[in-house]
Amino acid sequence: MPDTALPPDGWIGRPMPRAATRRLIEGRGRYTDDNAAKGELHAAFLRSPFPHAAFGITGRDAARALPGVRAVLTAEDLAPFCRSWRTESRAFPGLVSPEQGPLARERAVYQGEPVALVLAASRAIAEDALELVEVEWDELPAVTDPAKALDAASPSTHQGLTSNLAWRTEFGGGDVEAAFASAALVVEERFTFTRHTGVPLESRSVLATYDPAAEALEVRMSHQIPHQMQVHLADLLDLPMGRVRVIAGDVGGGFGIKMHVYPDEVAICAASRLTGRPVRYVCDRIEALMADIHAREHVMQARMAVDAEGRILAFDADDIQGLGAYSIYPRSSTVEAMSVLRTVGAPYHFGAYRARLRCALQNKVPTGQYRSVGHPIGCATTERLMDLAAAARGEDPLEFRRRNFLPEAMMPWTNPAGGRMAELSHTATLAEFERLLDLPGLRAEIAAMRARGRCVGLGFSAVVEYTASGPGAYGPAHVPVAAMDTVVVTLEPTGDVVARASVAEIGQGIQQGIVQVVADAVGVPPSHVTIHTGDTASAPHGGGAWASRGAGVGGEAAWGAGRKLRAEILKTAAALLQSAPEALDLRGGQVVDANGTPRMALADLASTVFFRGHELPGGVQPQFTATHQFRREEDVFLTTNGLQASLVEVDPDTGIVTPLRHWVVGDCGRLLNPLLVEEQVRGGVVQGIGEALLEACRYDPGNGQFLTGTLADYLLPMADNACDITVGHVETPYSGSALGAKGAGEAGTCGAPAAVLNAVNDALASRGARVSELPITPTVILRALGTLEASE
Amino acid sequence: MKPARFDYARPETLSDALAILADGGAEASVLAGGQSLMPMLNLRMARPGMLVDINRIPGLDAIALADGVLSIGARARHAEVLASPLVRQAAPLLAQALHHVAHPAIRNRGTLGGSLALADPAAEMPACVTCLGATIVLASASGKRRVAAEKFFLGVYATAIEPGELILHVEIPAIRPGWTHAFQEVSRRHGDYAMAGLALALRRDGSRVAEARIALCGVESATRRQAEAEAALVSGGVGAACQMLGGLDAMGGDEVTAAHRIHLARVLLRRAVGTED
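Chains as they are written, first to last, in the UniProt record's numbering: chain A, 1 to 792; chain B, 1 to 277.
FYI, nobody ran anything at the bench for these hints, they're computed from the structure. Glycine included, every Cβ here is placed at the ideal spot set by N, Cα and C. Some hints could be false.
[As the list claims (entries may be wrong)] The calculated label-pair distances, taken between Cβ atoms and stated as ranges, are:
id	chain 1	residue 1	chain 2	residue 2	range
1	A	L436	B	P173	52 to 60 Å
2	B	R145	A	L711	32 to 40 Å
3	A	R402	B	S207	50 to 58 Å
4	A	G702	B	R145	38 to 46 Å
5	B	A148	A	E773	41 to 49 Å
6	A	P674	B	R203	56 to 64 Å
7	A	S538	B	E255	44 to 52 Å
8	B	A148	A	G702	55 to 63 Å
9	A	L436	B	A148	55 to 63 Å
10	B	K151	A	G27	42 to 50 Å
11	B	E27	A	P240	23 to 31 Å
Construct the entire structure; sequences and hints are all you get.
Right under this line is the structure:
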């Protein structure tokens, strides 16, 4: 067991604002585009205007002749500097995902796919030159709808493929047929989930500088996982790891958008190598909406069997995923669909499960891991079935859930979906949830609103999330993903502590959480701790930001490193004070004895060691840099649980849905910093409201053209689409780690769409209408109400 | 997202501006608030050879009320129009509608003339000036020209403005005693372009509608007076008017179909007739 001696009145658990807040709100953040390199070239990509086309680049002279243009590059030009790649995973044997390179060759398979690259003295000149590149396009039939893509008669997404099926699987456990045959009640629904994307405020951007003399590549980029990019850039450009440095400075949001290997970013690195010049590229918003990963395009047919006592017997889920033209590199897009199907039923006890999955290739941008990967779909599917069953039984939806929650006494339990449920607190969370909502009062309020003719509805969702992935997630798949983290802590001569961590700060505030952990682990105030993240030359290898892992994985590494440094400090202090390390403690930057009496300031000890080493007793060699690398051995994921409620108002005339209030109670284990957790939850809920009501990447069903390329078309939730969000906590520390923290950053997004979907259906129920399509647009509502025909 | 190359002029006087516009002809675009033009330039959807920046020309933003006519300079910012007591007094419809126009930052720069000249079918201001029977006063190097709002909007992004012309100001007959105004719209998010919007001016005789003026935005490709619906509203009430709206030549689309827009126009008419002040 790890050293779990958390100080009684420490910094962990305090709602401290982030140290970086002031710098960021004063506009002092330094993002990739704030770094100019001497001699840099600006890049612009020629991207396919068609979802599927054969092409030939027939003329580059006019573009090259434009003053200020340095190069016009095609796939053939970059090939000597960069190898191609193909997404493979032993978790998905037989996965079909063709070879990819930094630029498309002869055929473009999604709109926005980069086909040529211009380097010029400015971005404006580069864009002027793009218009002068002569391309012959031969538009081919586009595959867009995921279900139709799997028809035998469908055109092929890629030349040479006879089917658009990228992968299929069937899994589960128990006797599903028997369960449904014996059920007293079966509820069923067909759900449609529309693609959306993450839209970080700072778009993807990269500044690559290849030094031909040192044969070394330095890449500044806006990314969630700089170490991962170091691995892949070294591999693709055939450089030793040590000669690739990736620096992610301030990162203006990630949401999963910035955790992949994108062809355009690799092309920029290859172009710097080709030219020997720094090359800068900033993805503009239309490129981002079109060619950043999308997510969550699913058609889900699901049913649930319930016995006469109102206990769930089984789930049966049949999912088609619209995967895109390629399975995203390196993790693969299939991960999202597996996450959907593993999340079905997750909060509950049930005896049987059958999951069927077909992943369809399409002439659309690849999909990938977006905040709360797959969970919102599994959650919405489950929670809507729960409401349908409760309604069919004439039962309160919360009572139906209460009866079916997986009892604490049964855990740990591996459910028929293969999900290992451990240390969940459904009972305590439900109790806190009911306290927070004041349900009798709320129900009276709703009744009063309805009596005045308002069409309002209340919806619930129960959430179980798989967070803080361990090595068992990607390791067996042989996908090179670090699920571990490294933290290095160093005592400076002033008694200050500097930490270098492989977790990544992408705006979520994990730096502050790590600082509080280091402060407690060592015994110094947080103001004496400085943290550096995001630079592969600063911190050794580790996982970065994904899967809500910063606290649960990075936090453990920080704790371990801090405790090692503390032990070394106390050992050295004991030698100087002629005491024993066990008789001393380090608190608030002071070495104290058992009574708390100060014996020596840490600053004095540090300056003695660094500047007056001759005063140290013989044989004392203080090691004031400590490293800890943490990998979790047990539990592939840390499961977390929570409950959400949404109160909405539907305008039955216009179909507009307005969220009125939202409530969340979550259990993410130990709270390193409740302020940051609550802001993550609130931001996640707003993103989930966007998913439920607004956000959609639309394509023309005929020609496959992308229709939502600006923020006037792709509707993000804004202040008037959000509402007050009340957040409560239950704290069940994970027993297998020192800190007991689990993941917190995605739970809001996981449960909000389901709660809103149920709330809208609750509002519509008295009018006999029902919806099962996200986003719930006014059109969806008006069709459900019969105001508009399905064809209108 | 960088604009294609263009020449740029920032004249200090109206006569200079008109001379430059005359030279530029169809190649010249007028830059006022830039809230639509700049994104269109950056997307290279608009590619003028010459931008004529009118922000330095004095007097183009004046708002005045005289002899029963409210005159609003073409370069008056939405925020200035919204805040103007004269506008609230003489054309309350504009103030109501401007709350739906984008957000404060955009209203601080965007101009009435710019909105009219762009003629986005979903924009609020064209419907309002049409409803109120405004006159749009245009100037060119060869003189001034007055165009009734009803004849000004010709289609999606299409107006009666000729090459070389600039909107000087808009003249709106001040609201007359007994009349009330109402503006209603539906959008997915506050400040977005309308899925449908409706501008209404009414005179009642007791509880009966005696006279009505209706114009829509976001429904047809060019806003116009809805004469049939107006007549039906007077003769047969709101139900009859809604029936007439079935004849609208509504725009289609995947997200919002023509039938959907007609439905919303009817909803808005019922609401507006119930709430006009």
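Hint by hint, here is what the structure shows:
no., hint, result
1, L436(A) / P173(B): 52 to 60 Å, "holds, 56 Å"
2, R145(B) / L711(A): 32 to 40 Å, "holds, 37 Å"
3, R402(A) / S207(B): 50 to 58 Å, "holds, 54 Å"
4, G702(A) / R145(B): 38 to 46 Å, "holds, 43 Å"
5, A148(B) / E773(A): 41 to 49 Å, "holds, 45 Å"
6, P674(A) / R203(B): 56 to 64 Å, "holds, 60 Å"
7, S538(A) / E255(B): 44 to 52 Å, "holds, 47 Å"
8, A148(B) / G702(A): 55 to 63 Å, "violated, 40 Å"
9, L436(A) / A148(B): 55 to 63 Å, "holds, 60 Å"
10, K151(B) / G27(A): 42 to 50 Å, "holds, 49 Å"
11, E27(B) / P240(A): 23 to 31 Å, "violated, 56 Å"
Of the numbered hints listed earlier, those contradicted by the structure are 8 and 11.
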